[in-house]
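Number of protein chains: 2
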Amino acid sequence: MAQHNAFYAQSGGVTAVINASACGVIEACREAPEHINKVYAGRNGIIGALTEELIDVSAESDETIAALRHTPGGAFGSCRYKLKDIDTHRAQYERLIEVFRAHDIRYFFYNGGGDSADTCLKVSQLSEKMGYPLTAIHVPKTVDNDLPITDCSPGFGSVAKYIATSTLEASLDIASMCATSTKVFVLEVMGRHAGWIAAAGGLAGQGEGEPPHVIIFPEVAFDRDAVMAKVDESVRKYGYCVIVVSEGARYEDGTFLADAGNTDAFGHRQLGGVAPTLAGMVKQDLGYKYHWAVADYLQRAARHLASRTDVEQAYAVGREAVALALAGKNSMMPAIRRITQAPYQWDVISAPLSEVANQEKFMPRDFISEDGFGITPACREYLAPLIQGEDFPPFKNGLPVVAKPELKQVEKRLPEFTL
Amino acid sequence: MAQHNAFYAQSGGVTAVINASACGVIEACREAPEHINKVYAGRNGIIGALTEELIDVSAESDETIAALRHTPGGAFGSCRYKLKDIDTHRAQYERLIEVFRAHDIRYFFYNGGGDSADTCLKVSQLSEKMGYPLTAIHVPKTVDNDLPITDCSPGFGSVAKYIATSTLEASLDIASMCATSTKVFVLEVMGRHAGWIAAAGGLAGQGEGEPPHVIIFPEVAFDRDAVMAKVDESVRKYGYCVIVVSEGARYEDGTFLADAGNTDAFGHRQLGGVAPTLAGMVKQDLGYKYHWAVADYLQRAARHLASRTDVEQAYAVGREAVALALAGKNSMMPAIRRITQAPYQWDVISAPLSEVANQEKFMPRDFISEDGFGITPACREYLAPLIQGEDFPPFKNGLPVVAKPELKQVEKRLPEFTL
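In the order they appear, the protein sequences are chains D and E.
The opening residue of the first sequence carries number 1 in our numbering; numbering runs sequentially from there.
The opening residue of the second sequence carries number 1 in our numbering; numbering runs sequentially from there.
Since the hints were derived computationally from the structure, they do not count as laboratory data.
All values derive from a computational prediction rather than experimental measurement.
Treat the hints with care, as some may be off.
Because identical chains cannot be distinguished in the list, a pair is counted as satisfied if it fits within a single copy or across any two copies.
For lysine-lysine, the following DSBU-like pairs were computed, each having C-alpha atoms within a straight-line distance of at most 35 Å [to be verified]:
#  : residue 1 : residue 2
1  : K361      : K129
2  : K361      : K84
3  : K122      : K396
4  : K230      : K329
5  : K122      : K230
6  : K329      : K408
7  : K230      : K412
8  : K361      : K82
9  : K404      : K129
10 : K283      : K329
11 : K412      : K361
12 : K408      : K237
13 : K84       : K412
14 : K404      : K230
15 : K237      : K329
16 : K396      : K412
17 : K361      : K408
18 : K283      : K129
Generate the whole structure from the sequences, applying the supplied hints.
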């Protein structure tokens, strides 16, 4: 089998472990020199392929590639750039094939969520139509945990571990302070469409009265009176109340909590997220002193607290993507399969992209407790293995060590292309 | 020497390592059974002494006490309750002595910041006047790092490590996204009066252009135009800008940024902290897409990422407090002394409370760079050793293991007392 080059790109919001997948892809490619010559990475994701800004990954040392496994963020740059409709913007897709052809790229590894699975599929279909031999594999990644078929999405387990741990730690803080000070703590977490991450906060407590006392999911219409009654009940019973709220919390009519028509004097939408909005309601309705935190990027960048399970799965899907490509499987995605629950065992299977693209996996209703404010034992059973194990990065001078790739650019061979 | 009891209480905002000091105090007391009989802890701090709600620490197992070393929050409860002026509210102080007398408490260990050092001193002075033999030792603790004499305050090093690490990790996130998405990331940190914690964010980067690009200190009057010019410059030069802002950021006239006169339709002060306020300015003045995070309790509860140096110092001052008491030193505070810088070596000395109480240590002006947006090499040299070393807690089922003390209450012997 002849040697050709491979292309790898990161897409969408990055995670604590997307570089672990990159590490898996690159290391597996390096182990197959009889098939794969060089690995090129798209600078800033798929945009790098369109603009022919390719990073020569073969110039990076084995140590740098190994260090990707414990480096958060997207080492080659990612992008929020969805290729336009193939019928109206065919030129974009054709450009990709042109760049691939110019650099002898026959393997396309696209590391992202649902949108990129769709792009990956379309690129694969077009290359076939154009008679260009390309093997396109999607490498799953999303903190939102909403990819279908795969039991979980690499990236989610580490956010889940971070949120569960942070909820536990902050709960001990407020529990110590509540006698004379803060009574309500609100932690805002990611997940605009699904409550997976908020649900992970629920892992912090198990027994009766253990925080978090209230979880607010995007799946459950926000009822201010019901929430405030629950908060008040917690403060009266336990002395304090810990709330984990999804950024996607919304009213019955779909309006987001953070966008409830509040505008400043200039008519601009009011600043601030769900946490301060909710904290303000607590103050207004119940008069309790509050604190609130918004984890934002911290939660998905917290490689220092990654789930070992998640790191291993992210790395494994990267390696499996290469194995699939070398086995001639096209338009596929490696997926995690849960084999047994206790002990938790998993392996990597594969799924056709046609079954992955444009499908979203929502949280089952029976994962949310009847009152809408907690997780059920079924949810706990699903989530618990995903945060198992630690995989601390090496530290130097008190800080995590991260990969510092050279990002050497490959010489361009084609005319400029305007996005 | 006869046996008497000891009293330990936690005061003010808790930290990731205040329980490590508790562990030091309690373990050292247990090693001196010839002098110290039982250790009682104040439930919710000094309030527990006033209301005679004493926790019988001798009922806790050695394992539970050892586990305090890796448990964040305040295991016995803390409080924000400053004893009133001794001249006008002498009854409160007399009540403390009364409770101590009723329970044969001759050792008073008070674990807190500047205010509690002052209280500790006053209690000591009054007991002397009243002829009650009490040895009062203050155990230093504050994330604000503003205690005098001690080289650093136990609790600060762990927050510093958390903020430096989080800044580093989130910076890698935004660096990956900035080509097509977020250009500015704002991280709000604690420190209403001093910029020590904000300064710690500066440890994340060293070389030219490494984030954070802008640190906003309470010590430097906020100049919107100057800040926005710096942010814009960073985005143009590096593609993005990371800002670490202290919650205490303020204008020349002392007004806090977050309180800049913004009120909602009901005339309530606008919700939200400094981070969203600053992010809003970025959007308004520069038009850049932003993300912001508010770490709040997460930063001071993050025992999972504690500085080993900080844990060791917190534990050491706890033990040393007992040693001082047993040596008959009264009205003292153990303090950290920096012996050498490289390698970093420290020991514990002691300081009279009269020199500690009501003194605040501010950040030296030469720790802030000339333009006011960064830290100087002198600051870096001071801060660097404080975040050295990791001291990960044990984990079980993916979550940190924490102490679960029984908190058995000692039988009351006195009439009720109203606060």
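Structure-based check of all given hints:
In this assembly of identical chains, the alpha carbons of K361 and K129 lie at most 35 Å apart only when taken from the same copy (31 Å versus 71 Å across copies). For a Cα distance limit of 35 Å, the shortest separation of K361 from K84 inside one copy, 23 Å, qualifies, whereas the shortest one across copies, 58 Å, does not. Taking the closest pair of Cα atoms, K122 and K396 never come within 35 Å of each other, the shortest separation being 44 Å inside a single copy and 44 Å across copies. Within a single copy, K230 and K329 get their C-alpha atoms no closer than 52 Å, and across copies no closer than 50 Å, so neither meets the 35 Å cut-off.
Proximity of K122 to K230 under the C-alpha cut-off of 35 Å is found in neither arrangement, the shortest distances being 48 Å within a copy and 43 Å between copies. In this assembly of identical chains, K329 and K408 lie within 35 Å of each other by CA distance solely inside one copy; the values are 30 Å within and 64 Å between copies. Taking the shortest Cα distances, K230 and K412 sit within 35 Å of each other only across copies (34 Å), while inside one copy they are farther apart (61 Å). In this homomeric assembly, K361 and K82 come within 35 Å of each other (Cα to Cα) only inside a single copy, at 20 Å, whereas the closest approach across copies is 52 Å.
Taking identical chains as interchangeable, the C-alpha atoms of K404 and K129 are never at most 35 Å apart, the minima being 39 Å within one chain and 64 Å between chains. With identical chains, the CA atoms of K283 and K329 are never at most 35 Å apart, being 57 Å at best within one copy and 46 Å at best between copies. For a Cα distance limit of 35 Å, the shortest separation of K412 from K361 qualifies neither inside one copy, at 40 Å, nor across copies, at 57 Å. Taking the closest pair of Cα atoms, K408 and K237 come within 35 Å of each other only across two copies (19 Å); inside a single copy the shortest separation is 60 Å, beyond that limit.
In this assembly of identical chains, K84 and K412 lie within 35 Å of each other by CA distance solely inside one copy; the values are 24 Å within and 74 Å between copies. Proximity of K404 and K230 under a CA criterion of 35 Å is satisfied inter-copy only: 26 Å between copies versus 48 Å inside one chain copy. In the homo-oligomer, the alpha carbons of K237 and K329 never lie at most 35 Å apart, since the shortest distance is 58 Å inside one protomer and 43 Å across protomers. In this assembly of identical chains, K396 and K412 lie within 35 Å of each other by CA distance neither inside one copy nor across copies; the values are 38 Å within and 51 Å between.
Taking the closest pair of Cα atoms, K361 and K408 never come within 35 Å of each other, the shortest separation being 38 Å inside a single copy and 48 Å across copies. In the homo-oligomer, the alpha carbons of K283 and K129 never lie at most 35 Å apart, since the shortest distance is 61 Å inside one protomer and 44 Å across protomers.
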